[in-house]
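Undergrad: Once you've looked at the hints, dock chain P against the given chain F.
Chains as they are written, first to last, in the working numbering: chain F, 1 to 423; chain P, 424 to 677.
One or more of the hints may lead you astray.
[Claimed, not checked] Ranges between beta-carbon positions, derived for each pair:
(1) F:R415 to P:N632: 47 to 53 Å
(2) F:D390 to P:G450: 37 to 43 Å
(3) F:D72 to P:L484: 35 to 41 Å
(4) P:F541 to F:F355: 54 to 60 Å
(5) F:R415 to P:F541: 20 to 26 Å
(6) P:F541 to F:E282: 39 to 45 Å
(7) F:E407 to P:A567: 18 to 24 Å
(8) P:D557 to F:S422: 33 to 39 Å
(9) F:R360 to P:N459: 29 to 35 Å
[What the hints assert, rightly or not] Sample of chain F residues with no beta-carbon within 10 Å of chain P, all distances over it, derived:
(10) P15
(11) E31
(12) A374
Simulated from the structure, these hints should not be mistaken for lab results. Built from N, CA and C at the ideal position, the CB exists for glycine as well.
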Amino acid sequence: MTSLLELQTIQTGGPAWLGQMRREAYGRFAELGFPTTKDEEWKYTNVGPIAKTRFERGPAGAARAGKDLLPDLGCSTRLVFVNGILAPELSTPGTVVRGVAVRSLGEALKADGGAVEAHLGRYARTERQAFTALNTALWEDGAIVEIGRNAVPGQPIHLVFLSAGNGQPWASHPRVLILAERGSQAAVIEHYTGAAGSRYFTNAVTEIVLGEGAILDHYRIQDESEGAYHIATVQGVQGRNSVLRSHNAVLGAALSRNDINSALNGEGAECTLNGLFLVTGERHADIHTLLDHAKPHCGSRELYKGILDGRGVGVFNGKIVVRPDAQKTNAIQSNRNLLLSADAVINTKPQLEIFADDVRCTHGATVGQIDSEALFYMQSRGIPGAEARDILTLAFASEVLDEMGWEPARERLRREAHEILSR
Amino acid sequence: MLKIINLQAKVGEKEILKGIDLEVKAGEVHAIMGPNGSGKSTLAQVLAGREIYEVTGGQVLFEGRDLLEMAPEERAVEGVFLAFQYPVEIPGVSNPYFLRAALNSVRKHRGLPEVDAFDFTELAKQKMKLLEMDEALMKRNVNAGFSGGEKKRNEILQLALLEPKLAVLDETDSGLDIDALKAVSRGVNALRSPERAFLVVTHYQRLLNHIVPDFVHVMANGRIVRSGDKSLALELEQKGYAEMDELAVSELVR
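Looking at chain F on its own, in the form it has when it is part of the complex (with noise of 0.2 Å):
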C-alpha cells in the first residue's frame, strides 16, 4: 500500500514472540494507513511527503563517511548506531559500572532476550499509532539500558543515532528500551544527527520503565539535517515515587513529530517535561504531550518554549489527563512561544481531561514577540540591534536548557540555537 512497504519489508528472524509482534503491527499499520490532517490528532501536521517518498534502506558501510559527524558530549558510554544499525567500530563501551548495561538490541536478543521479551512492545500504543506500529514491524536494530536496583552510573548514557546516505532518500526506525530498577539514577541522551542537506527518515520509538523510586534524566536531542523527517514517539511508564525529566530539543529536521508520554502509574511519582522547538525557514515541528495521571499524589511540570522564525510552523498540543483514582495530583503545564517573524505560526492547545475532583492543575499558553523594551535597554548601551536580538532569543530558550542538568549537552544545544538562529 505505500511505497515504504514496498521497499522495506518486514524484518524477519529472531525468537518467535517478536516475529508474531512484528506480523500484527506490520497488520496494524497496513489498517491505519499513514495519518492525514483530518485525523485530529494530525490536525495540523501533514505527512504526505513521507507517505510519497520512495525510502530505501539506509546504505551500508556508511560508518566511515559519519565519523565526522559524531557528536562528543563527553560520556565515557556512548553506543553509534548508523542508519539504525549498531556501528561497533564507533562506539564506546565505556566504564563498568555495576548493574549497569548498555547493549544493542540485536546483541540483547541473541544472549538472552528476557528483559526484551517481557518489555518492549509492551508500553507504546498502537492501536491508533500507525508510526509506532511502523517501527515495531521494521526496526532494525536500537539500544537497551538497563539500569539495576540502586545503581548509579555518574555520567549519561550517550545513544547516538546517525543518518548517513549517499543521495536517495532513506529510512530507519530505531528502537530504545530504557529500563531502570528500583532506587536507581540514570541519565540517557538519544541524540538524532544527519549529514547537512540530506534527505531521509528516522522514525523512532523509545520505551522507558521505571521502577519504584527509579530517576531518569532522558534527553531527546533532534539535531537532524534541515532535510530530513522525523518522527518519535517517547513512552514512559512510571513506579511508585519514580521520577522521569525529559529534556526535549527539537532543533533540525524539515518535518517533524514528537509525541512524548508519560503514564504515571505508582503513588507519588512525577515526571517533568522539559523542552525546546526551534523552527526556522520553512521547517514544521509538531510536539504532542501527554500526561496520564492514574494514581494519588503524583505530580507533572511540562514547560515547552517554541522560537519560530521566517515561515516555520509549530504545534504543541499538551494533554493532561486526571483518572478518577488520582487525587491530590498537581499538574502545571506551560507553553511559551516567541515569534520572531510576522510569516510563523504557532498552533497550540491545551487539554485537560479531569476526572478527580481533588486536584490542582494549571495550564497556560503564550505567544509574543521580543520585547521591545528590553531591545531599546540592550541597543542604548551600546549592543547593536541584531545582537541585542539574539541574546534575548536564547535568554528565552534558557529557562528550558538551564534545566538539563549536564552541562556538555546544555551548551553544545545553546551554540547550536545561537547558530541556527543566525543563520
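TA: Here is chain P on its own, set in the frame of chain F:
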C-alpha cells in the same frame, strides 16, 4: 557638546515636546526639573533614541553631528548614556554578561581591545565598591528581582563602566532612600570631569544637594520656561511647580 534646537516630539497624536532649546558644554552639569507630564523624561528618551517618540521638528547636535540620525546603539558608542527611570528587567541574561557585552561594544568602537571575563570581574568589583553594591547582584539576571535601589545602582554601575561623554540621568533619585541616594550621588560625582557633561532630570530638589548643578532649567508643558543657577532649584522647592505652570501659561499668552 550637546545642542538642542527647537526640538519637538510627539507620541501617537500627543505633542509632548513643543520646542526645546538647550546647550550643554563639556564639564557642565545641567539639571532639568519640572512637574510630572512636563516632558522631561520624554526629552531624556528622545536623546537616547527611543522609537516610540516621533521627532516632529528641530535638531539635536552631539559634538556637531546630527544625533537624531543615529541608531540608539550608535549614540551609545559615540558617548551618550541614559540612566533609565525604570531600568528594564531581562530574565535569562546574566548581569555580568550584559554589562560585559555593553562594555565591549563601546570599547570596540573606541578601538580598544575587548575585556575578558576575568578582567571584567575585577573592574566591576572595583566600581561596585564605590557604589556600595552587593556583589551578589553579579550572579543574577539583569535587574531581575532587583529592588528599586538596586536597579538604580546598577544603572550608575553601567555609567561608571561605559564612561560616556554625556550622561543623562532620568529621575535616578526617585524611590531611593537616603543611603542609596548618597551612594548613587557619590558614583556620579566621581565621574564628573572637564570632558564629561551631565543632564540630570529630576522631580525633586533633594538630589541636587548631592549632585550640585551648574545650571537649572525648569520644564513645563513641553518647554523650558526658566533657566538659572542652582538657586533656582531652591526657589522651586519653596514655591512649588504650580507657579511655574502659571509662568508657562503667561509666556504662551505673551
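Undergrad: Could you run down the list of hints and mark each one as holding or not?
TA: Verification of the supplied hints:
1. For the pair F:R415 and P:N632, the beta carbons lie near 51 Å from each other, so the given range of 47 to 53 Å is met.
2. A hinted range of 37 to 43 Å holds for the C-beta pair F:D390 and P:G450, which are about 38 Å apart.
3. In this structure the hint that F:D72 and P:L484 lie 35 to 41 Å apart at CB is violated, the actual value being about 56 Å.
4. Between P:F541 and F:F355 the Cβ separation comes to about 58 Å, which falls inside the hinted range of 54 to 60 Å.
5. For F:R415 paired with P:F541, a C-beta distance near 21 Å keeps the hint of 20 to 26 Å intact.
6. At about 43 Å, the CB distance of P:F541 to F:E282 agrees with the hint of 39 to 45 Å.
7. For the pair F:E407 and P:A567, the supplied restraint of 18 to 24 Å holds, since their beta-carbon distance comes to about 22 Å.
8. About 35 Å separates the C-beta atoms of P:D557 and F:S422, a value consistent with the hinted range of 33 to 39 Å.
9. Here the CB-CB span from F:R360 to P:N459 is close to 43 Å, at odds with the stated 29 to 35 Å.
10. Against the 10 Å criterion, F:P15 stays outside the reach of chain P, whose nearest CB is about 51 Å from its own CB.
11. The claim that F:E31 lies off the interface holds: its Cβ sits roughly 47 Å from the closest Cβ of chain P, which is beyond the 10 Å cut-off.
12. A cut-off of 10 Å between C-beta atoms contradicts the statement that F:A374 is not in contact with chain P; the least separation is 5 Å.
Going down the numbered hints, you'll see the structure goes against 3, 9 and 12, while the others check out.
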